[in-house]
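Asker: The primary structure of each chain is shown beneath.
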Amino acid sequence: MNPWEESLREALRRKAPPPGFADRVLARIRDLPAREKRPWFRLRAFIARPALRWAAAVLCLVIAGSVAYRERQERQRRQGEIARMQVKQALRIASVKLNAARRMVQEVKQGTAQSRL
Amino acid sequence: MTTSTLGRCEEVLGRLARGDVSAFEEIVKEHQSMVFSIAYHFLHDRSLAEEAAQDVFLRLYQNLASIVSPRHLVFWLRKVACQRALDMARKLPKAPPVSLQDIAEPAADSPDADPLLSEGLRRMVASLPKDARAVIILRYQEELELAEIAQILDVPINTVKSRLERSLGILREKLHRWAGGTAR
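Top line first, the protein sequences correspond to chains Y and P.
With our numbering, the residue at position 10 of the first sequence is 11, and numbering never jumps.
With our numbering, the residue at position 99 of the second sequence is 658, and numbering never jumps.
If you are wondering where the hints come from, they were derived from the structure by calculation, not from laboratory data.
There may be inaccurate statements among the hints.
As the list claims (entries may be wrong) - Heads up, simulated SDA-like pairs for lysine to any residue below, C-alpha to C-alpha not over 20 Å straight-line: (1) Lys638(P) <-> Gly21(Y); (2) Lys588(P) <-> Glu7(Y); (3) Lys650(P) <-> Ser677(P); (4) Lys733(P) <-> Asn3(Y); (5) Lys588(P) <-> Asn3(Y); (6) Lys588(P) <-> Pro4(Y); (7) Lys689(P) <-> Arg10(Y); (8) Lys689(P) <-> Asp24(Y); (9) Lys588(P) <-> Gln77(Y); (10) Lys733(P) <-> Glu7(Y); (11) Lys638(P) <-> Ser677(P); (12) Lys720(P) <-> Glu6(Y); (13) Lys733(P) <-> Ala685(P); (14) Lys733(P) <-> Ser677(P); (15) Lys733(P) <-> Leu27(Y); (16) Lys588(P) <-> Ala17(Y); (17) Lys588(P) <-> Leu575(P); (18) Lys733(P) <-> Arg25(Y); (19) Lys588(P) <-> Trp5(Y); (20) Lys733(P) <-> Phe22(Y); (21) Lys650(P) <-> Glu610(P); (22) Lys720(P) <-> Leu705(P); (23) Lys720(P) <-> Pro19(Y); (24) Lys588(P) <-> Arg50(Y); (25) Lys720(P) <-> Ser677(P); (26) Lys733(P) <-> Glu6(Y); (27) Lys588(P) <-> Phe22(Y); (28) Lys650(P) <-> Ser686(P); (29) Lys689(P) <-> Arg731(P); (30) Lys720(P) <-> Trp5(Y); (31) Lys588(P) <-> Glu6(Y); (32) Lys733(P) <-> Ile30(Y); (33) Lys588(P) <-> Ala23(Y); (34) Lys638(P) <-> Pro4(Y); (35) Lys689(P) <-> Gly739(P).
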């Protein structure tokens with residue numbers, strides 16, 4: 002710090018407040034409206050604590066994470082269910098087609114046998 | 560803050576948390592000169608500075624639950640004192656009248672090296688633009704680092720640097736004119 006800055010520091014040295022300052026502050030606190038001493042205001046002050054805010058933020062994150070996870074699981078389950086139904090449907094269609102084809106083959110076989118006789 | 564002061568402050572905060580309201584008086588007495596001086600150097604008016612300082616302690620009382628440590632308490636008080644002084648300065652006319660009563664007594668016994676120069680400098684600081692004034696007060700009254708000032712004023716460190724350089728330039732120029740070109 003150069004001498005000029007030293008003068009500035011000297012000029013801005015802390016000053017004592019007027020006598021009785023603390024008493025006047027305490028008197029103003031005693032005069033605070035009663036509503037600020039009610040449980041709701043105390044509860045608000047309690048909630049305003051940083052540690053509690055962090056805890057609430059972490060809790061929200063955990064809840065949001067678990068909801069998203071469950072949502073994803075549910076979506077995958079639903080997609081699996083749809084795929085299972087589609088496979089069953091496909092198998093059913095294939096079975097019907099195969100039966101029809103088998104019936105036709107049998108009819109052709111029977112027709113050939115009768116013509117031989 | 561020394562380790563013993565921090566320890567005592569921590570103990571007082573603990574008592575407050577347990578509902579001992581008388582501990583608040585100790586906090587006021589411990590930090591009153593810091594808060595009052597920030598406001599006084601900002602406003603250059605003892606009665607306005609006292610009003611601002613009282614408001615700061617009142618807000619502290621209402622927000623005690625949010626104070627987590629003695630260091631946080633000092634940071635909070637400096638920040639709110641600057642905000643309150645800034646708010647009051649905004650409502651003031653451009654050049655507040657300064658009477659002889661407004662010249663404050665120093666907190667300690669060590670007298671100003673040059674009382675006339677000190678008073679002149681205080682008036683010059685009080686005439687700086689408001690944002691620059693806050694930087695000068697935090698830098699030279701509270702002797703804070705630029706990063707700490709940036710945190711308190713919630714501005715980037717480069718803004719603090721430029722405000723400090725600009726206001727020192729203004730002060731140097733004013734002082735030069737005030738002292739008739741002899742001060743440098």
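Asker: Look at each hint and say if it fits the structure.
Answerer: Outcome of the hint check:
1. Lys638(P) <-> Gly21(Y): Measuring from Cα to Cα gives roughly 24 Å; hence the hint is violated.
2. Lys588(P) <-> Glu7(Y): Distance ~27 Å between lysine 588(P) and glutamate 7(Y) Cα, so the pair is violated.
3. Lys650(P) <-> Ser677(P): Given pair lysine 650(P), serine 677(P) is violated - Cα atoms ~26 Å apart, limit 20 Å.
4. Lys733(P) <-> Asn3(Y): Answer holds: lysine 733(P) to asparagine 3(Y) is near 17 Å, not above 20 Å.
5. Lys588(P) <-> Asn3(Y): 33 Å, violated
6. Lys588(P) <-> Pro4(Y): 32 Å, violated
7. Lys689(P) <-> Arg10(Y): 18 Å, holds
8. Lys689(P) <-> Asp24(Y): Violated - the C-alpha atoms of aspartate 24(Y) and lysine 689(P) are around 30 Å apart, more than 20 Å.
9. Lys588(P) <-> Gln77(Y): At roughly 64 Å apart (the allowed maximum being 20 Å), glutamine 77(Y) and lysine 588(P) break the hint.
10. Lys733(P) <-> Glu7(Y): 17 Å, holds
11. Lys638(P) <-> Ser677(P): Violated, because 25 Å separates the two Cα atoms, which is more than 20 Å.
12. Lys720(P) <-> Glu6(Y): The hint holds at about 15 Å.
13. Lys733(P) <-> Ala685(P): Holds, because 12 Å separates the two Cα atoms, which is no more than 20 Å.
14. Lys733(P) <-> Ser677(P): 13 Å, holds
15. Lys733(P) <-> Leu27(Y): It is violated: about 41 Å lies between the C-alpha atoms, which goes past 20 Å.
16. Lys588(P) <-> Ala17(Y): 10 Å, holds
17. Lys588(P) <-> Leu575(P): 15 Å, holds
18. Lys733(P) <-> Arg25(Y): 37 Å, violated
19. Lys588(P) <-> Trp5(Y): 32 Å, violated
20. Lys733(P) <-> Phe22(Y): Roughly 34 Å between the alpha carbons, so the hint for lysine 733(P) and phenylalanine 22(Y) is violated.
21. Lys650(P) <-> Glu610(P): The hint holds at about 14 Å.
22. Lys720(P) <-> Leu705(P): 7 Å, holds
23. Lys720(P) <-> Pro19(Y): At roughly 33 Å apart (the allowed maximum being 20 Å), proline 19(Y) and lysine 720(P) break the hint.
24. Lys588(P) <-> Arg50(Y): 24 Å, violated
25. Lys720(P) <-> Ser677(P): Violated. Lysine 720(P) to serine 677(P) sits at ~24 Å, over the 20 Å cutoff.
26. Lys733(P) <-> Glu6(Y): 14 Å, holds
27. Lys588(P) <-> Phe22(Y): Given that 20 Å is the threshold and the Cα spacing comes to 9 Å, the pair holds.
28. Lys650(P) <-> Ser686(P): 15 Å, holds
29. Lys689(P) <-> Arg731(P): Holds, because 17 Å separates the two Cα atoms, which is no more than 20 Å.
30. Lys720(P) <-> Trp5(Y): 18 Å, holds
31. Lys588(P) <-> Glu6(Y): 29 Å, violated
32. Lys733(P) <-> Ile30(Y): Cα-Cα ~42 Å, so violated.
33. Lys588(P) <-> Ala23(Y): With a Cα-Cα distance of about 6 Å, the restraint between lysine 588(P) and alanine 23(Y) holds, given a limit of 20 Å.
34. Lys638(P) <-> Pro4(Y): Outside the cut-off at roughly 28 Å; violated.
35. Lys689(P) <-> Gly739(P): 26 Å, violated
This entry does not satisfy hints 1, 2, 3, 5, 6, 8, 9, 11, 15, 18, 19, 20, 23, 24, 25, 31, 32, 34 and 35, going by the numbered hints stated previously.
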